[in-house]
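Trainee: We have chain A already, so just place chain B on it with the hints.
These protein sequence lines are chains A and B, in that order. As numbered in my numbering, residues 135 to 310 make up the first sequence, in order. As numbered in my numbering, residues 135 to 310 make up the second sequence, in order.
Keep in mind that the hints were calculated from the coordinates and are not lab data. Hints may contain errors.
Same chains, same names: a pair is fine if it fits in one copy or spans any two.
[What the hints assert, rightly or not] Capping the alpha-carbon separation at 25 angstroms, the derived lysine to any residue pairs in SDA-like fashion look like this:
(1) LYS161 - LYS219
(2) LYS174 - TYR225
(3) LYS278 - TYR302
(4) LYS187 - SER175
(5) LYS161 - PHE292
(6) LYS220 - PRO165
(7) LYS280 - PHE146
(8) LYS280 - ASP303
(9) LYS219 - LEU234
(10) LYS222 - THR238
(11) LYS219 - LYS278
(12) LYS144 - ALA245
(13) LYS276 - ARG148
(14) LYS155 - PRO224
(15) LYS272 - ASP246
(16) LYS161 - TYR225
(17) LYS276 - VAL150
(18) LYS155 - ALA228
(19) LYS155 - TYR225
(20) LYS220 - LYS278
Since the model is a prediction, treat every value here as computed from it, not as a measurement.
There are 2 protein chains.
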Amino acid sequence: MATMAIEKVKSFIRDVPDFPKPGVVFKDITPLLQNPTLFKSTVEKMAGPFRRKGITHVASVESRGFIFGAPVAYQLDAGFIPVRKKGKLPYKTAAFDYELEYGTDTLEIHADALDASSRVLVIDDVLATGGTAHATCKLVEKLKAKVVGMSFVIELEFLHGREKLRGYDVLTLIRY
Amino acid sequence: MATMAIEKVKSFIRDVPDFPKPGVVFKDITPLLQNPTLFKSTVEKMAGPFRRKGITHVASVESRGFIFGAPVAYQLDAGFIPVRKKGKLPYKTAAFDYELEYGTDTLEIHADALDASSRVLVIDDVLATGGTAHATCKLVEKLKAKVVGMSFVIELEFLHGREKLRGYDVLTLIRY
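The shape of chain A in the complex, shown without the other chains:
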C-alpha cells in the first residue's frame, strides 16, 4: 500500500488504553471496518500479493479473523475455513494446543476441511505474539495442506510474532 494510504488506514485504528486488561493498549479496528472505502481497500491489499499463488482456501481464527478472512476468500475465489476454539465446531476436528502467557489454549479445524491438494492463505487482523497464527498453520499442515502465506492488517513488532512464524511468507500492512 502507498505510504499515504497506510497513514490513512492508521488514522482509522483507535488506541483503547487498558483493554482487555490494565496496562495494555488495544488496537481497535472497528473505525476502519466502519468505513466502506478503507474496509474494501484493506481487504484488497491483504489479498493482492496472493492473487496469482493458486490459493484454494483462506483459514481464519474466530472472531475478528473472520471479518477479514471471509471477504479475502470471496475476493480470491477461494473457500473459507473457520478455525475455532475447542468445542465450537460441530463435526470431527483436528486440534492443536498452544501456549498463552498463563496456561494453554486449544484451536480446532474440521478434519475434512482441507487435504493435500489445498493451498491455504492464513488471515488475521493482528499479528501479536504469533501464537494463534502458528497454531493455525500447524492445523492446516495436520490436514496435509500447504500454507502458502499469511496476511495481517496490523503487526505489533515489539511482540516478535514474526520469529515464531519463520519459514512462512508473512505480509503485514501496518506496523507498530
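Mentor: Using the frame of chain A, we list chain B on its own:
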C-alpha cells in the same frame, strides 16, 4: 436463487445430530463455506436484493455471522459493524439484553458505530428463534439508524423466528 441452485446449496449443509446438545440437529454450513463457487454465490444472493437500497453498513453478530456479513459488506461497498457478546468490544458500547431458553444474554455494539444517516442490513447465517437478530435490530435502532432489511442463509421455520421480526424485510435462502 433458482430452485436447482438452492438444492445444490442445501446438499452442502450437513446435519450434525446432538450438537450443541442431545436432541438438537445442528445445520453445519462449513461444507458450503469450503466450496469457493457456492460460498461466492451465497454471499451474492444474500446481498443482491439489497443492492439498490442504499445500504451504508452491514451489522452481524459474532462469530458465524461475521463469515457472511463481512463479504456482503464488501460486495455492497458498505462498512461492517460487529455486534458482540458483552465485554468483547473495547470502546463505549450500547447494550441490549435478550431472553434465551434459560436466562438472558447481552449483545453490544460500539456507541459510535452508526448514526441517524445509516441504512443497515443485518446478516446472519441462521434464523432460528430470532432472538439475536431481534436484539441486533434493537441495537441498530438505539443508535438512531434504520434497519433496511435482514438476510439469512438458513431459516428454521419450526422455531417461528419470523414472528419476532415482524415489520422487518426478512430474506432467507433456504428453509427447513
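Trainee: Confirm or reject each hint.
Mentor: The hints, checked one at a time:
{"no.": "1", "hint": "LYS161 - LYS219", "in the structure": "both (22 angstroms within a copy, 19 angstroms between copies)"}
{"no.": "2", "hint": "LYS174 - TYR225", "in the structure": "between (32 angstroms within a copy, 23 angstroms between copies)"}
{"no.": "3", "hint": "LYS278 - TYR302", "in the structure": "within (16 angstroms within a copy, 46 angstroms between copies)"}
{"no.": "4", "hint": "LYS187 - SER175", "in the structure": "both (20 angstroms within a copy, 22 angstroms between copies)"}
{"no.": "5", "hint": "LYS161 - PHE292", "in the structure": "within (14 angstroms within a copy, 42 angstroms between copies)"}
{"no.": "6", "hint": "LYS220 - PRO165", "in the structure": "between (30 angstroms within a copy, 19 angstroms between copies)"}
{"no.": "7", "hint": "LYS280 - PHE146", "in the structure": "between (34 angstroms within a copy, 24 angstroms between copies)"}
{"no.": "8", "hint": "LYS280 - ASP303", "in the structure": "within (12 angstroms within a copy, 43 angstroms between copies)"}
{"no.": "9", "hint": "LYS219 - LEU234", "in the structure": "both (14 angstroms within a copy, 22 angstroms between copies)"}
{"no.": "10", "hint": "LYS222 - THR238", "in the structure": "both (17 angstroms within a copy, 20 angstroms between copies)"}
{"no.": "11", "hint": "LYS219 - LYS278", "in the structure": "within (21 angstroms within a copy, 35 angstroms between copies)"}
{"no.": "12", "hint": "LYS144 - ALA245", "in the structure": "between (38 angstroms within a copy, 21 angstroms between copies)"}
{"no.": "13", "hint": "LYS276 - ARG148", "in the structure": "between (36 angstroms within a copy, 23 angstroms between copies)"}
{"no.": "14", "hint": "LYS155 - PRO224", "in the structure": "between (31 angstroms within a copy, 10 angstroms between copies)"}
{"no.": "15", "hint": "LYS272 - ASP246", "in the structure": "within (15 angstroms within a copy, 38 angstroms between copies)"}
{"no.": "16", "hint": "LYS161 - TYR225", "in the structure": "between (34 angstroms within a copy, 11 angstroms between copies)"}
{"no.": "17", "hint": "LYS276 - VAL150", "in the structure": "between (37 angstroms within a copy, 23 angstroms between copies)"}
{"no.": "18", "hint": "LYS155 - ALA228", "in the structure": "between (31 angstroms within a copy, 20 angstroms between copies)"}
{"no.": "19", "hint": "LYS155 - TYR225", "in the structure": "between (34 angstroms within a copy, 13 angstroms between copies)"}
{"no.": "20", "hint": "LYS220 - LYS278", "in the structure": "within (21 angstroms within a copy, 38 angstroms between copies)"}
Checked against the numbered hints above, the structure violates none of them.
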